[in-house]
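Chemist: This is what each chain is made of:
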Amino acid sequence: MAIAVKRAQLEEVALNEDEYRAIVRAIGRDPNDLELGMFGALWSEHCSYKTSKALLRQLPTEGPDVLQGPGENAGAVDIGDGLAVVFKIESHNHPSAIEPYQGAATGVGGILRDVFAMGARPIAILDALRFGPLETGHNRHLFHGVIAGIGGYGNCFGCPTVGGEVHFDAGYSDNPIVNAMCVGLVAHDRLRRATADRAGDVVLLVGADTGRDGIHGATFASVEMDERSAQRRPAVQVGNPFLEKLLCEACLQLNELDGVTAIQDLGAAGLTSAASELAHRGRRGIDIAVEKISRREQGMTPYDVMLSESQERMLVVVRPEAEAAAREVFDHFELHADRIGTVTGTARIRIRDHGVSVADIPLKALVDGVPLRSPVASLPDKQPTVVMPAVEEPEAVLLDLIASPNLRSRRPIYRTYDHQVQDNTVFGPGFDAALLRVPGTNKGLALTTDGNPWYVALDPYEGTRAAVAEAARNIVCTGARPIAVTNCLNFGNPERPAIFGQLQESIRGLADACRALELPVVSGNVSLYNETSERNIPPTPVIGMVGLLDDLSLRCPSGFKEDGDLVFLLGETREELAGSAYLRLLGAPTEGRPPVVSLEMERRLQAAMLDSIRRGVIRCAHDVSDGGLLIALAESALYGGHGLRCPGIMGSVSREAFYFGESQGRVVVSVAPRRVPELQKLMANHHIPLYAVGVVGGEDFQVGSDIRVSLDSLREAWETAF
Amino acid sequence: MRTGIIVFPGTWSDRDCAHAVGEILGQPTRYVDYREERLDDLDLVILPGGFSYGDYLRCGAIARFAPVMEAVTDFANRGGLVLGICNGFQILQEARLLPGALLRNASCEFRCEWVNLRVEQSESAFSLDSRPGQVLRIPISHGEGNFFADRETLEAIERNGQVVFRYCAQDGRVTAESNPNGSLSNIAGIANARGNVVGMMPHPERACEDLLGGTDGLMVFRSAIHALARVAA
Numbered sequence: 001m002a003i004a005v006k007r008a009q010l011e012e013v014a015l016n017e018d019e020y021r022a023i024v025r026a027i028g029r030d031p032n033d034l035e036l037g038m039f040g041a042l043w044s045e046h047c048s049y050k051t052s053k054a055l056l057r058q059l060p061t062e063g064p065d066v067l068q069g070p071g072e073n074a075g076a077v078d079i080g081d082g083l084a085v086v087f088k089i090e091s092h093n094h095p096s097a098i099e100p101y102q103g104a105a106t107g108v109g110g111i112l113r114d115v116f117a118m119g120a121r122p123i124a125i126l127d128a129l130r131f132g133p134l135e136t137g138h139n140r141h142l143f144h145g146v147i148a149g150i151g152g153y154g155n156c157f158g159c160p161t162v163g164g165e166v167h168f169d170a171g172y173s174d175n176p177i178v179n180a181m182c183v184g185l186v187a188h189d190r191l192r193r194a195t196a197d198r199a200g201d202v203v204l205l206v207g208a209d210t211g212r213d214g215i216h217g218a219t220f221a222s223v224e225m226d227e228r229s230a231q232r233r234p235a236v237q238v239g240n241p242f243l244e245k246l247l248c249e250a251c252l253q254l255n256e257l258d259g260v261t262a263i264q265d266l267g268a269a270g271l272t273s274a275a276s277e278l279a280h281r282g283r284r285g286i287d288i289a290v291e292k293i294s295r296r297e298q299g300m301t302p303y304d305v306m307l308s309e310s311q312e313r314m315l316v317v318v319r320p321e322a323e324a325a326a327r328e329v330f331d332h333f334e335l336h337a338d339r340i341g342t343v344t345g346t347a348r349i350r351i352r353d354h355g356v357s358v359a360d361i362p363l364k365a366l367v368d369g370v371p372l373r374s375p376v377a378s379l380p381d382k383q384p385t386v387v388m389p390a391v392e393e394p395e396a397v398l399l400d401l402i403a404s405p406n407l408r409s410r411r412p413i414y415r416t417y418d419h420q421v422q423d424n425t426v427f428g429p430g431f432d433a434a435l436l437r438v439p440g441t442n443k444g445l446a447l448t449t450d451g452n453p454w455y456v457a458l459d460p461y462e463g464t465r466a467a468v469a470e471a472a473r474n475i476v477c478t479g480a481r482p483i484a485v486t487n488c489l490n491f492g493n494p495e496r497p498a499i500f501g502q503l504q505e506s507i508r509g510l511a512d513a514c515r516a517l518e519l520p521v522v523s524g525n526v527s528l529y530n531e532t533s534e535r536n537i538p539p540t541p542v543i544g545m546v547g548l549l550d551d552l553s554l555r556c557p558s559g560f561k562e563d564g565d566l567v568f569l570l571g572e573t574r575e576e577l578a579g580s581a582y583l584r585l586l587g588a589p590t591e592g593r594p595p596v597v598s599l600e601m602e603r604r605l606q607a608a609m610l611d612s613i614r615r616g617v618i619r620c621a622h623d624v625s626d627g628g629l630l631i632a633l634a635e636s637a638l639y640g641g642h643g644l645r646c647p648g649i650m651g652s653v654s655r656e657a658f659y660f661g662e663s664q665g666r667v668v669v670s671v672a673p674r675r676v677p678e679l680q681k682l683m684a685n686h687h688i689p690l691y692a693v694g695v696v697g698g699e700d701f702q703v704g705s706d707i708r709v710s711l712d713s714l715r716e717a718w719e720t721a722f
Numbered sequence: 001m002r003t004g005i006i007v008f009p010g011t012w013s014d015r016d017c018a019h020a021v022g023e024i025l026g027q028p029t030r031y032v033d034y035r036e037e038r039l040d041d042l043d044l045v046i047l048p049g050g051f052s053y054g055d056y057l058r059c060g061a062i063a064r065f066a067p068v069m070e071a072v073t074d075f076a077n078r079g080g081l082v083l084g085i086c087n088g089f090q091i092l093q094e095a096r097l098l099p100g101a102l103l104r105n106a107s108c109e110f111r112c113e114w115v116n117l118r119v120e121q122s123e124s125a126f127s128l129d130s131r132p133g134q135v136l137r138i139p140i141s142h143g144e145g146n147f148f149a150d151r152e153t154l155e156a157i158e159r160n161g162q163v164v165f166r167y168c169a170q171d172g173r174v175t176a177e178s179n180p181n182g183s184l185s186n187i188a189g190i191a192n193a194r195g196n197v198v199g200m201m202p203h204p205e206r207a208c209e210d211l212l213g214g215t216d217g218l219m220v221f222r223s224a225i226h227a228l229a230r231v232a233a
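Residue numbers (the numbering used here), protein chains in the order written: chain L, 1 to 722; chain Z, 1 to 233.
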């Protein structure tokens, strides 16, 4: 078959010749420009998951409480009282690399729409961010722009930004990672799926007018970046959080009406994707009269309109007799709505411009027909254990570590986010996990995002398992039981065997950990081609997790509470320093085997923790992670404003591994002296090693004769500005 | 206390205020649409926080022209109790119901954090239940809360005892370090001369439950209840 299309045209839509042939086979002819553009968008990596789909099938997605797994705008899980928690995490890396403020802002906007499209009121935002070192001006520009964009959107919209994480590594220079997670709540009977399953329904496009912004955004997110990427700036959209707030309130009111069939947000690949997916999920077709769509400027072609990624737009599908009621809602919020088409029984998407057919494609081919890619994978070699430098001056190391960009206080960042609006924030940002009240109940939702990039870089399988285990541990430290996972897989160019190998190993680790901890994956997103001028980002899986606390009065904080309380380390410390913040501080290369997670031990530790918290034995709990034991202890001291006296820590491992090693499956807890026997018994029952660390109290942080530093000096180091 | 909570396009503290006044304090509340023109059924009107009209222009500059604002002005002039919180404070200034202006924070950044406020006078309808010198812990959440007034206005506000709250340290000292946004004289909240209209940047509705970190904000709403009882008596 002749390829009746120029290579340049294929490059424009980022499809290859095989894919072009598949299109011709599917529709029985050469596609016209608009059709090719539509295929390019929906068959992009970003929309179609053509490289990751086969791997993602390994993930456990079911569970007794799962109401909606992957495939919808967001996942949903039952939390009792007739309520469901709805959540998803998504990347906006490519736009943020080009225009950090708007890239990050519209990332937040997009994930909010995914949640309220499900009928849920957004109650929290979290952000997982990675940047290059702030020593360079460009990385600083990206850092400040992204932080301002997240705050700018979330603060104006009125959804609290309650958590997340920021890491810095040279591997993210010029290619920052911006992942936004949104969590919402909805009554079961109001949970809405974006499925247009009734022919004859009316299709309304609501919200912003359609402009030329973001054309080819999905395609842009599916190719590597180079020096020409700056020219793609028009592919970055501009956000309007005020309009989004009105859209959200309108959608939540619509959700209460009879005769509303579906609500779908317009995200990547704009109207093409939204309309196609809506109709295809319902096994129906859709007709669109493209001239009915209000535009921001003159001279826009059907191609521009169908592929625009203008923000703050929703498709609403209603029964014809419900259109008037829907319009009343839009009028109340002064929102503009165009009636742009109808749902049909044809199983095709047909676009007409003033009555003339401009595109006519079977939906199955467009939405589901992309040939899956299975690139060659090469697996990283297991690295030998490295020789560790002995720690010379523990106090200086502690102060340097806690002042380092990856460990210092995040307050300068999160105080620019409204983390309290909606009056539900029990634990805000800065702790292991955020804790929110479920309004109208005495229940809490614990929320976190996690992913240590260095472990994953050393071993994608182990590192991803560690990310799941750490997220679950963070949730458990608040007293909540982890219930479900969302994930965002950020990787480089999968056409390179080493990168595809990372992806394959990481997903295998994700699947194994989620199975072992019985956590269904209910939503997620894959961001590939995070490559800039042939430099690939380190493999970066980010785990978003939600936990449920049945009784908020049982919540467990992260900071020391009472002088005289005894502090224990739960879990086992091994001679593990590879991938640690300590070695990075010493300037050692990232090599060796990262800490290994025993999921069996992790399960027991988490069960023991929940048991102890439920019985009120533990007064505070804090996960031991980046920086190791001394950093965890110092943080608990700083959170609570109480000093700590350790008589001296001795163990079967080297001093540096005990102080700064990052063995997994460990938690620091404080306990009132009279409850110690109970703690010992509980830990013995669950076979969890317990190590007495010291006593809460005083104005100093003291460890044997190695360290004696005042809490004030410790705080000063911790609060080093960015 | 029949309480009306005004909802402009872009308001988001409306639900939080209804939670505090309605659910926690058990007072009858209703939302007032920005297009409404009558407030006769109300004892207290709250202009809550948010980003009215996106605050893309000067904060509050558009909301001030919403139909309901004429009714709010009449209501205030007749002695009705009016509380503006954050964006609501900005709107009350734009409507000339309160003096001064709120500029961009001196840090040029949005700030969301708990602050300490010293009560300066307990005569206003929203500080009756406190005593001068008392320190309250209430959060702020704004990008433009930097109180400014020309010298004459500022002197008049101070002379008339219209300053209700000042940012302060934990022990009540008014210091530069405790000023989160650059406000002149650390001013966080002011009243009109009559004391029935108060605007404040901090969010008392966020400080009404121990679960959320403190209950000092209750004083503001309870004062209004007592102010009404006093009028009735």
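None of these hints come from the bench; they were simulated from the model.
By construction, the Cβ of each residue, glycine as well, lies at the ideal position given by its N, Cα and C atoms.
Errors might be hidden in some of the hints.
Distance windows between CB atoms, simulated [to be verified]:
| # | chain 1 | residue 1 | chain 2 | residue 2 | range |
| --- | --- | --- | --- | --- | --- |
| 1 | L | V24 | Z | C108 | 52 to 60 angstroms |
| 2 | L | N442 | Z | E109 | 42 to 50 angstroms |
| 3 | Z | D41 | L | K53 | 57 to 65 angstroms |
To list a few chain Z residues with every Cβ distance to chain L over 12 angstroms, as calculated [unchecked claim]:
| # | residue |
| --- | --- |
| 4 | A20 |
| 5 | E23 |
| 6 | D40 |
| 7 | R96 |
| 8 | A176 |
| 9 | S178 |
| 10 | R206 |
With a Cα cut of at most 20 angstroms, we get these calculated DMTMM-like pairs of lysine to aspartate or glutamate [unchecked claim]:
| # | chain 1 | residue 1 | chain 2 | residue 2 |
| --- | --- | --- | --- | --- |
| 11 | L | K364 | L | E19 |
| 12 | L | K292 | L | E256 |
| 13 | L | K443 | Z | E209 |
| 14 | L | K50 | L | E19 |
| 15 | L | K364 | L | D551 |
| 16 | L | K443 | L | D551 |
| 17 | L | K561 | L | E392 |
| 18 | L | K443 | Z | E23 |
| 19 | L | K561 | Z | D210 |
| 20 | L | K443 | Z | D210 |
| 21 | L | K364 | L | E249 |
Chemist: Could you run down the list of hints and mark each one as holding or not?
Modeler: Taking the hints in turn, this is what the structure says about them:
1. Range check, V24 (chain L) to C108 (chain Z): about 56 angstroms between beta-carbon atoms, so the 52 to 60 angstroms window is met.
2. Checked against the hint of 42 to 50 angstroms, the C-beta distance between N442 (chain L) and E109 (chain Z) comes to roughly 35 angstroms, which is inconsistent with it.
3. Here the CB-CB span from D41 (chain Z) to K53 (chain L) is close to 59 angstroms, well matched to the stated 57 to 65 angstroms.
4. In this structure A20 (chain Z) is not separated from chain L by more than 12 angstroms, as the shortest Cβ-Cβ distance comes to only about 7 angstroms.
5. Distance to chain L contradicts E23 (chain Z) as a non-interface residue, since its nearest Cβ pair spans about 9 angstroms, not more than 12 angstroms.
6. No beta-carbon of chain L comes within 12 angstroms of the beta-carbon of D40 (chain Z); the shortest separation is about 23 angstroms.
7. Every Cβ of chain L is farther than 12 angstroms from the Cβ of R96 (chain Z); the closest lies at roughly 25 angstroms, confirming the non-interface assignment.
8. Distance check on A176 (chain Z): its Cβ is at least 18 angstroms (rounded) from any Cβ of chain L, clearing the 12 angstroms threshold; non-interface status holds.
9. Remark: the non-interface label on S178 (chain Z) is consistent with the geometry, its nearest Cβ contact in chain L lying 15 angstroms away (cut-off 12 angstroms).
10. With a least CB separation of 5 angstroms from chain L, R206 (chain Z) falls inside the 12 angstroms interface cut-off, contrary to its annotation.
11. A hinted pair counts as satisfied when its Cα atoms are at most 20 angstroms apart, and K364 (chain L) with E19 (chain L) qualifies at roughly 15 angstroms.
12. Taking the CA atoms of K292 (chain L) and E256 (chain L), the gap is about 27 angstroms. The hint is violated against a cut of 20 angstroms.
13. Pair hint K443 (chain L) plus E209 (chain Z) holds up; C-alpha atoms about 15 angstroms apart against a cutoff of 20 angstroms.
14. A C-alpha spacing of about 11 angstroms is found between K50 (chain L) and E19 (chain L), which places the hinted pair at or below 20 angstroms, so the restraint holds.
15. Proximity of K364 (chain L) to D551 (chain L) is assessed by CA-CA distance (about 47 angstroms); at most 20 angstroms being required, the pair is judged violated.
16. A hinted pair counts as satisfied when its Cα atoms are at most 20 angstroms apart, and K443 (chain L) with D551 (chain L) qualifies at roughly 5 angstroms.
17. Annotation: proposed proximity of K561 (chain L) to E392 (chain L) is violated, straight-line Cα distance about 32 angstroms (limit 20 angstroms).
18. Proximity of K443 (chain L) to E23 (chain Z) is assessed by CA-CA distance (about 17 angstroms); at most 20 angstroms being required, the pair is judged to hold.
19. Distance check on the hinted pair: K561 (chain L) and D210 (chain Z) sit about 16 angstroms apart at the alpha-carbon level, within 20 angstroms; holds.
20. Pair hint K443 (chain L) plus D210 (chain Z) holds up; C-alpha atoms about 15 angstroms apart against a cutoff of 20 angstroms.
21. Proposed proximity of K364 (chain L) and E249 (chain L) is contradicted: the alpha carbons are some 33 angstroms apart, above 20 angstroms.
The structure shown violates the earlier hints numbered 2, 4, 5, 10, 12, 15, 17 and 21.
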